[in-house]
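Novice: Using the sequences and the hints, build the whole thing.
Number of protein chains: 2
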Amino acid sequence: MGFRVMRMGHRPQRDKRVTTHVALVARALGADGIFVDAADAVLEESVRSVVDRFGGDFEIETGVGWREAIRRTGCATVHLTMYGQRVDDALGKIPRGGDLLIMVGAEKVPPEVYRAADFNVSVGNQPHSEIAALAIFLDRYTGGAALYADRGGRMKVIPNERGKTVES
Amino acid sequence: MGFRVMRMGHRPQRDKRVTTHVALVARALGADGIFVDAADAVLEESVRSVVDRFGGDFEIETGVGWREAIRRTGCATVHLTMYGQRVDDALGKIPRGGDLLIMVGAEKVPPEVYRAADFNVSVGNQPHSEIAALAIFLDRYTGGAALYADRGGRMKVIPNERGKTVES
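So the sequence lines, in the order shown, correspond to chains A and B.
Okay, so the first sequence: first residue is 861 according to the numbering used here, each after it adds one.
Okay, so the second sequence: first residue is 861 according to the numbering used here, each after it adds one.
Where hints are given, some of them may not hold.
Put simply, identical chains are the same to the list, so a pair is met inside one copy or across any two.
To be verified - Straight-line Cα separation of at most 27 Å, BS3-like style, residue types lysine-lysine; simulated pairs:
id	residue 1	residue 2
1	K876	K1016
2	K968	K876
3	K876	K953
4	K1024	K968
No lab work stands behind these hints: they were computed from the structure.
Specialist: Set out below in structure tokens:
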């Protein structure tokens, strides 16, 4: 069982930081990789630099649209949106044991995505953040299993109650 | 029992979107309000506009530093950091029944914060996002209780499996 994230509506200049957060959250919560619709070499470089230092084999591909991501993964799809069904209702319906593609948009998501997704899922029906929605969805979907997994990276942070401990 | 968020290291131009996400996540997960260290009238306006439309009485105050926030709230403090103790270990130690101030930084957080906080807590020891860390921490701390609470707002989103339903 694996999962990937599809980031839709990325505008390289304006969304640089928000999409970087989306990618790093996907990685920290155990995703195999992320697709981003707009080509963005700077974003790829910045995410790969984290993987290089902190380990794992998280992949980033930019310039891949949501239709292509669905075609290539061929698995069940979840679209996170504040308009969707409740996450606590949805989690029991989403198939386990297979792969999953989780789609998150920026401000405007085309109506076709709502029809194409197997599940439109809200993480609360209040406006907040696609980064937070992805984080909470993945934390609940994985039961938090990936958060402290060892990635075998060159740099490793050791939990500390009062300061910073980094092995490198 | 209530909680507030303290956003440290805010730079109005550069962090506009990320700090807006932090504030809206705090609101969506049930915080009473947020303090932001740098004064930022545009940010205040944008968060108040969401409260005005979607309801509740979430408060935002900018130009309030972390020392002042600690002094004014006088409650237990949690600093979220990738260097902290594990969130699953920490949750059992954080006092319940009183108020809580949750502090989140931008890139650099001064060492004094690590010493001043009652708890330095990691949401995973991987680099990801203060927005995601806040979201997961609050989701676990509240048991998801606030996500679908009715805020009595002029606009209200009704969960929908296939499209958008907004009452206004």
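Novice: Against this structure, judge whether each hint is valid.
Specialist: Hint check:
no., hint, verdict
1, K876 x K1016, "within (25 Å within a copy, 30 Å between copies)"
2, K968 x K876, "both (17 Å within a copy, 19 Å between copies)"
3, K876 x K953, "neither (33 Å within a copy, 37 Å between copies)"
4, K1024 x K968, "between (40 Å within a copy, 12 Å between copies)"
The earlier numbered hint that this structure contradicts is number 3, and it is the only one.
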